[in-house]
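Number of protein chains: 2
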Amino acid sequence: MNRPVSKAQTKNDLGETVLFKGAALKLDCGTALEDIEIAFRTYGQLNAEKTNAILICHALTMDQHAASENPLSGKPGWWIDLIGAGKIIDTDKYFVICSNVIGGCAGSTGPQSLKPDGSGPYGTDFPVLTIGDMVRAQTLLIDHFGIDSLFCVLGGSMGGMQALEWAATHPERVFSAVPIAASTRHSSQNIAFHEVGRQAIIADPHFLGGRYYETDERPRKGLGVARMAAHITYLSETTLQQKFGRNLQDREAVSYGFDADFQIESYLRHQGMTFVERFDANSYLYITRAMDYFDLAADHGGNLAAAFEGTKTRFCVMSFTSDWLFPTSESVQTVRALNAAGANVSFVEIESDKGHDAFLLDEPEMHATLDGFLKSAAQARGLTASGSAKEAKDD
Amino acid sequence: MNRPVSKAQTKNDLGETVLFKGAALKLDCGTALEDIEIAFRTYGQLNAEKTNAILICHALTMDQHAASENPLSGKPGWWIDLIGAGKIIDTDKYFVICSNVIGGCAGSTGPQSLKPDGSGPYGTDFPVLTIGDMVRAQTLLIDHFGIDSLFCVLGGSMGGMQALEWAATHPERVFSAVPIAASTRHSSQNIAFHEVGRQAIIADPHFLGGRYYETDERPRKGLGVARMAAHITYLSETTLQQKFGRNLQDREAVSYGFDADFQIESYLRHQGMTFVERFDANSYLYITRAMDYFDLAADHGGNLAAAFEGTKTRFCVMSFTSDWLFPTSESVQTVRALNAAGANVSFVEIESDKGHDAFLLDEPEMHATLDGFLKSAAQARGLTASGSAKEAKDD
Numbered sequence: 056m057n058r059p060v061s062k063a064q065t066k067n068d069l070g071e072t073v074l075f076k077g078a079a080l081k082l083d084c085g086t087a088l089e090d091i092e093i094a095f096r097t098y099g100q101l102n103a104e105k106t107n108a109i110l111i112c113h114a115l116t117m118d119q120h121a122a123s124e125n126p127l128s129g130k131p132g133w134w135i136d137l138i139g140a141g142k143i144i145d146t147d148k149y150f151v152i153c154s155n156v157i158g159g160c161a162g163s164t165g166p167q168s169l170k171p172d173g174s175g176p177y178g179t180d181f182p183v184l185t186i187g188d189m190v191r192a193q194t195l196l197i198d199h200f201g202i203d204s205l206f207c208v209l210g211g212s213m214g215g216m217q218a219l220e221w222a223a224t225h226p227e228r229v230f231s232a233v234p235i236a237a238s239t240r241h242s243s244q245n246i247a248f249h250e251v252g253r254q255a256i257i258a259d260p261h262f263l264g265g266r267y268y269e270t271d272e273r274p275r276k277g278l279g280v281a282r283m284a285a286h287i288t289y290l291s292e293t294t295l296q297q298k299f300g301r302n303l304q305d306r307e308a309v310s311y312g313f314d315a316d317f318q319i320e321s322y323l324r325h326q327g328m329t330f331v332e333r334f335d336a337n338s339y340l341y342i343t344r345a346m347d348y349f350d351l352a353a354d355h356g357g358n359l360a361a362a363f364e365g366t367k368t369r370f371c372v373m374s375f376t377s378d379w380l381f382p383t384s385e386s387v388q389t390v391r392a393l394n395a396a397g398a399n400v401s402f403v404e405i406e407s408d409k410g411h412d413a414f415l416l417d418e419p420e421m422h423a424t425l426d427g428f429l430k431s432a433a434q435a436r437g438l439t440a441s442g443s444a445k446e447a448k449d450d
Numbered sequence: 056m057n058r059p060v061s062k063a064q065t066k067n068d069l070g071e072t073v074l075f076k077g078a079a080l081k082l083d084c085g086t087a088l089e090d091i092e093i094a095f096r097t098y099g100q101l102n103a104e105k106t107n108a109i110l111i112c113h114a115l116t117m118d119q120h121a122a123s124e125n126p127l128s129g130k131p132g133w134w135i136d137l138i139g140a141g142k143i144i145d146t147d148k149y150f151v152i153c154s155n156v157i158g159g160c161a162g163s164t165g166p167q168s169l170k171p172d173g174s175g176p177y178g179t180d181f182p183v184l185t186i187g188d189m190v191r192a193q194t195l196l197i198d199h200f201g202i203d204s205l206f207c208v209l210g211g212s213m214g215g216m217q218a219l220e221w222a223a224t225h226p227e228r229v230f231s232a233v234p235i236a237a238s239t240r241h242s243s244q245n246i247a248f249h250e251v252g253r254q255a256i257i258a259d260p261h262f263l264g265g266r267y268y269e270t271d272e273r274p275r276k277g278l279g280v281a282r283m284a285a286h287i288t289y290l291s292e293t294t295l296q297q298k299f300g301r302n303l304q305d306r307e308a309v310s311y312g313f314d315a316d317f318q319i320e321s322y323l324r325h326q327g328m329t330f331v332e333r334f335d336a337n338s339y340l341y342i343t344r345a346m347d348y349f350d351l352a353a354d355h356g357g358n359l360a361a362a363f364e365g366t367k368t369r370f371c372v373m374s375f376t377s378d379w380l381f382p383t384s385e386s387v388q389t390v391r392a393l394n395a396a397g398a399n400v401s402f403v404e405i406e407s408d409k410g411h412d413a414f415l416l417d418e419p420e421m422h423a424t425l426d427g428f429l430k431s432a433a434q435a436r437g438l439t440a441s442g443s444a445k446e447a448k449d450d
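Residue numbers (this note's numbering), protein chains in the order written: chain A, 56 to 450; chain B, 56 to 450.
Watch out, some of these pointers could steer you wrong.
Stated by the list, open to error - Residues from chain B that face chain A, not an exhaustive set, calculated with beta carbons under 7 Å:
1) Leu-101
2) Val-183
3) Ser-243
4) Gln-244
5) Ala-255
6) Pro-260
7) Leu-263
8) Leu-295
9) Gly-300
10) Leu-303
11) Val-309
12) Glu-320
13) Leu-323
Said to hold, decoys possible - Calculated Cβ distances over 10 Å to all of chain A for the following chain B residues:
14) Ile-135
15) Ser-242
16) Gln-296
17) Asp-417
Read the hints as simulated data drawn from the structure, not as lab findings.
Yeah, the Cβ is synthetic: ideal placement off N, Cα and C, and Gly gets one too.
Work out the full structure: start from the sequences and follow the hints.
Okay, structure coming up:
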């Protein structure tokens with residue numbers, strides 16, 4: 056980035072955004088993305104030494120509203136249980152940043168954004184991104200805050216992929232990393248489910264090759280089907296059986312038809328319908344593709360341990376017993392590589408019947424593990440309860 | 056059925072069919088289906104005593120061509136490894152019958168059939184069926200052959216559901232039953248995956264509420280997506296990882312696009328595309344619905360054991376360790392109920408990494424188990440190597 060870059064931080068209904076006007080973000084695909092805009096939320100105060108920042112990385116369909124109401128849906132922040140004053144991610148102590156990934160649809164530059172040349176929204180002219188590109192965009196935001204080293208990078212699912220990517224590519228900027236229900240590479244089965252979703256979207260006649268922004272229509276049905284398929288993978292078989300089983304929806308007997316006779320059908324249809332209100336189909340294509348492409352070992356000559364060679368980052372890896380999308384075996388591979396690289400790593404497999412979505416839910420063991428890890432890391436970093444880096448020395 | 060019924064058995068390119076003209080098959084939904092036609096194949100000879108018949112029940116997307124080339128696809132019979140002269144299901148010994156389920160699209164009465172009133176094909180005017188209805192239609196065929204008691208009813212997946220339904224509703228007509236990779240009720244997760252497929256079909260603009268037969272179009276994309284989603288559930292994660300992993304398809308590097316970069320994507324797309332050539336979208340809706348509705352316990356006051364009370368049928372239940380669609384836990388429930396009912400039952404969980412589809416593949420332990428079970432049952436039935444029931448007594 057040798058051209059002059061102006062930065063404009065603005066507040067709007069969706070939180071805050073910073074526009075890096077003139078910046079050209081080099082992407083893994085070989086092209087660059089111009090005039091990057093990043094939408095974010097912060098919670099708490101950055102300390103004078105800028106050592107108390109936690110970057111929260113969100114999952115596929117989440118956004119920057121981790122600890123505050125989503126202004127569009129009116130729903131509370133998706134990690135409100137974890138983040139706040141006196142909570143495990145204590146905003147009296149830490150400065151918490153959460154930004155919408157590039158390629159997303161909650162304010163950061165993505166397929167919905169206007170091209171710099173004035174020829175309308177990108178649509179599928181948007182370049183295909185990687186998790187590495189998402190992280191590279193996040194470094195712009197972290198630089199913007201003048202933060203050299205993040206106290207922690209933390210996230211579940213795709214957020215965990217970003218945490219691992221941060222640790223692998225910017226080890227000196229990551230004091231600690233917490234990848235939850237994640238993996239260093241997307242499995243064949245996961246690529247398969249993503250491909251089903253993409254084909255459902257592309258098959259929708261309103262998709263129009265991604266140029267639907269110029270019409271009044273949206274590929275709602277296709278995106279809805281994509282969400283329905285994905286949603287099954289986020290839950291465990293046990294959860295589905297316990298929560299819905301074969302219970303009927305508002306009826307005493309089956310209808311001998313194709314209505315949503317079963318609660319599980321009604322639930323999935325509802326998931327599909329509400330999702331299309333809050334998510335963009337093109338973003339769904341781009342973000343799933345970035346996840347599919349993620350393969351840290353391949354980026355390091357096939358040797359996963361090489362990705363973390365000599366790292367000083369402290370890792371806390373967590374998985375859930377009933378998560379079949381990012382099963383424990385994936386986390387075990389990550390931990391093995393970290394051990395081989397001589398990293399400081401703790402690993403907890405959490406007994407849960409809630410499936411992949413457990414990372415978003417009230418999981419006491421996950422919360423306790425995170426609490427202990429952050430407190431210990433904060434001590435090692437010399438952070439006090441008030442988030443000051445110096446107090447400990449002054450005492 | 057008090058009206059005069061004429062039976063016309065004809066041979067055509069698709070095998071044989073028998074038309075029960077004038078017959079009205081009472082369905083669980085309360086209506087009746089008129090002029091039932093059943094397409095079937097037979098292999099081997101029915102002995103004089105009519106005691107050596109094996110009914111093979113097919114799975115969701117299969118057909119009557121179990122042991123002979125499918126005339127449409129040119130592919131060999133789907134259980135050709137098992138059925139034939141000198142094979143485990145020995146056609147020198149047994150008379151093997153396999154019929155297309157009603158609701159199907161391989162010659163039996165289904166949504167593609169013409170309504171008796173001359174107003175064109177049924178489409179979604181076809182009544183919603185159950186597994187019980189499918190079995191009731193099969194009894195017409197078995198009666199047609201003059202068979203009082205089947206030596207064995209045998210099938211995998213939905214075929215296994217039919218075998219269980221036969222044993223529950225016609226215990227006196229089933230000497231032995233072999234449900235493989237099946238269940239006595241469709242689970243919440245399985246209903247969920249079926250619902251995704253149905254919604255993908257219904258979302259296709261060429262579906263036209265099921266009235267697409269009158270157009271030149273078919274809901275190909277929707278049916279393709281349904282097949283892709285379902286196909287993932289037929290394979291194990293291990294199979295996918297071993298067979299495809301993250302291997303690229305005909306390229307050295309990812310394309311940074313939405314082409315089928317990965318072999319798994321290419322494979323799934325191929326599965327979707329070839330499926331729509333051989334299967335009807337309406338049939339897919341009806342047959343998946345029949346599976347969803349299957350719940351033997353519910354049909355017996357919530358007591359699964361009651362479904363098999365006093366049964367004299369010999370059962371051989373099989374499951375596969377890596378089958379996550381019809382996991383071993385489902386077969387264990389079946390076996391528990393059979394034991395509670397005092398049934399003669401043997402149960403084998405087969406170590407396999409091939410997932411649900413293992414029942415269609417070369418699984419030596421499954422073959423050996425089936426071989427032993429059939430030989431022992433044949434002995435108990437007094438069947439000799441030539442399929443005669445009397446020879447044993449004459450010796």
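Verification of the hints:
no. : hint    : in the structure
1   : Leu-101 : violated, 36 Å
2   : Val-183 : holds, 4 Å
3   : Ser-243 : holds, 4 Å
4   : Gln-244 : holds, 5 Å
5   : Ala-255 : holds, 5 Å
6   : Pro-260 : holds, 5 Å
7   : Leu-263 : violated, 13 Å
8   : Leu-295 : holds, 4 Å
9   : Gly-300 : holds, 5 Å
10  : Leu-303 : violated, 10 Å
11  : Val-309 : holds, 6 Å
12  : Glu-320 : holds, 5 Å
13  : Leu-323 : holds, 6 Å
14  : Ile-135 : holds, 28 Å
15  : Ser-242 : violated, 6 Å
16  : Gln-296 : violated, 5 Å
17  : Asp-417 : holds, 22 Å
Checked against the numbered hints given earlier, this structure breaks hints 1, 7, 10, 15, 16; the rest are met.
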